[in-house]
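Asks: Chain by chain, the residues run as shown.
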Amino acid sequence: MGKEGIKAMQSADEGKSKNIILDIRGQICPACLMITLRELNSNKERLKNAEVRLVVKTDHRDATRTIPSAAFAMGYSVTVKQMNKYYEITMEYAK
Amino acid sequence: MYRSDFCMAGVFRDAYLFKDYLRLRALFLLVSLLVLFIYLIRHFNLTSAYFPSYFGTPSAADLCGGLIFGIGMVLGGGCLLSTLYKLGAGQTASAITFSGVIIGGFASAALYPMFRSFAASTVLFRNKTALEHIVGSAGAPVLVASLLAALLVARWKKAGKLSQTAYARGYIQLWKASLIMALVIGAVQIFSGRPLAVSMGYAKLSGLLGGMFLPALTGKMAFFHRETPRLLYGRIMDGGAAPVFDSVVLTQLSFMAGVVSGSFISSLRLGEFKIRRLPPKKQAVSAFFGGMFMAAGALMAGGCNLWHLIGGLPVFALQSMVFALGIAGGAFLGSVFIRKAVFR
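Read top to bottom, the protein sequences are chains A and B.
In terms of my numbering, the numbers along the first sequence are unbroken and rise by one, the last being 95.
In terms of my numbering, the numbers along the second sequence are unbroken and rise by one, the last being 1344.
Keep in mind that the hints are not guaranteed to be accurate.
To be verified - Result set (BS3-like, lysine-lysine): computed pairs, CA atoms no more than 27 Å apart in a straight line:
#1 K1157(B) / K1176(B)
#2 K85(A) / K1282(B)
#3 K1157(B) / K1019(B)
#4 K1281(B) / K85(A)
#5 K1176(B) / K1019(B)
#6 K1019(B) / K48(A)
#7 K1158(B) / K1019(B)
#8 K44(A) / K1340(B)
#9 K44(A) / K18(A)
#10 K57(A) / K18(A)
#11 K57(A) / K1281(B)
#12 K57(A) / K1282(B)
#13 K1161(B) / K1176(B)
#14 K57(A) / K1340(B)
#15 K57(A) / K44(A)
#16 K1274(B) / K57(A)
#17 K85(A) / K1176(B)
#18 K1176(B) / K81(A)
#19 K1340(B) / K1281(B)
#20 K81(A) / K18(A)
#21 K1340(B) / K1282(B)
#22 K57(A) / K81(A)
#23 K48(A) / K81(A)
#24 K1019(B) / K44(A)
#25 K85(A) / K1274(B)
#26 K81(A) / K1274(B)
#27 K1019(B) / K57(A)
#28 K1282(B) / K1019(B)
#29 K1158(B) / K1176(B)
#30 K81(A) / K1161(B)
#31 K44(A) / K81(A)
These are calculated hints, taken from the structure and not from any lab test.
Since the model is a prediction, treat every value here as computed from it, not as a measurement.
Required output: the full structure, derived from the provided sequences and hints.
Replies: Right under this line is the structure:
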């Protein structure tokens, strides 16, 4: 985790699938898209089996453009929520 | 810039790393609009300034400076301008980049005489500073570039390649930001009679801090002498890096303060302002050295990305065209480096 500069990564039960939480607030560009793509790829099978969802916490405005666009192209459905001083981008496999 | 996240480091980096060309198209649109606006400003005598005169004869120093600057802006996570608007929104990583630029500006000022002699010994076109001096017409390059740009932009518009959905609150599409910036920069150049820049503003901050903490050393450095920057490239400037009140305070430093305050207000209004946490150690080191590289690159090339890409390219300044080649190459090297070393 520290190796990739991920501040916190944890799993928590939420409904049937678990959330992989990727907190990349405060990191320099282009950490958001780069780390998110890596996580999407390394958890591809679990995401496709709807075992997990990937939740990204970011404070980079441009990530609300680049991450959804890349995730849509890879077949994921994406929701973006503005939280308190940051954005939360949730990606799950679109059935 | 804050709302659209118009970052020039991202222009090149995202094209190389993710094949994301949206920002590159926005920069192309901005430069193309400025080509036309500045030509019209000159044609209708809206200012007495002759903008190509602000640029020197191109040299290998511009290419190397652009290369170093390009590496630096990718390592720093933003160019000299985007570092300011990110700083205003509370990004601690950008504060690290900012401090790298200030310290790097002081350190590279010691190399200033060497940079100047390197530039003087590697001049590419003697007595020619803009394309119009080679082709013999100011209008022809503008006409060709404008027609080409109009065709490309129309094609991108038709293919839906000029905009993309972003979910951030109050997001301004990049093409709209290009239009707004072109109008604002055009108006500023009418009133100020000079291209926009920030690198000398950063250098003045380096000089001010150097004067406070290391006065004896600062006094010995030629770059911080009041007279030196006035004679950059042989043209007379009315301000420089010396720690004195001059036109750089009124233009570049005021502009820098405006960018930081503008993004501060904008991020507050959008509910996004927060002093962010520190980035991971490796990224912090990258940001600091990125800032230092940008300072050295700008000093070697006689200006930053704003001066050359937004100020020089629209008037086809040869020095800026060479710098643009360098910055594109440097951003490529920087992108390879961060992928292999920083985010590995």
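Asks: Work down the list of hints and note, for each, if the structure agrees.
Replies: Quick rundown of the hints versus the structure:
no. : hint                : verdict
1   : K1157(B) / K1176(B) : holds, 12 Å
2   : K85(A) / K1282(B)   : holds, 24 Å
3   : K1157(B) / K1019(B) : holds, 18 Å
4   : K1281(B) / K85(A)   : holds, 23 Å
5   : K1176(B) / K1019(B) : holds, 21 Å
6   : K1019(B) / K48(A)   : holds, 25 Å
7   : K1158(B) / K1019(B) : holds, 20 Å
8   : K44(A) / K1340(B)   : holds, 22 Å
9   : K44(A) / K18(A)     : holds, 14 Å
10  : K57(A) / K18(A)     : holds, 16 Å
11  : K57(A) / K1281(B)   : holds, 19 Å
12  : K57(A) / K1282(B)   : holds, 20 Å
13  : K1161(B) / K1176(B) : holds, 13 Å
14  : K57(A) / K1340(B)   : holds, 24 Å
15  : K57(A) / K44(A)     : holds, 19 Å
16  : K1274(B) / K57(A)   : holds, 14 Å
17  : K85(A) / K1176(B)   : holds, 25 Å
18  : K1176(B) / K81(A)   : holds, 24 Å
19  : K1340(B) / K1281(B) : holds, 16 Å
20  : K81(A) / K18(A)     : holds, 18 Å
21  : K1340(B) / K1282(B) : holds, 12 Å
22  : K57(A) / K81(A)     : holds, 10 Å
23  : K48(A) / K81(A)     : holds, 22 Å
24  : K1019(B) / K44(A)   : holds, 21 Å
25  : K85(A) / K1274(B)   : holds, 7 Å
26  : K81(A) / K1274(B)   : holds, 17 Å
27  : K1019(B) / K57(A)   : holds, 23 Å
28  : K1282(B) / K1019(B) : holds, 25 Å
29  : K1158(B) / K1176(B) : holds, 16 Å
30  : K81(A) / K1161(B)   : holds, 25 Å
31  : K44(A) / K81(A)     : holds, 23 Å
Checked against the numbered hints given earlier, this structure breaks none of them.
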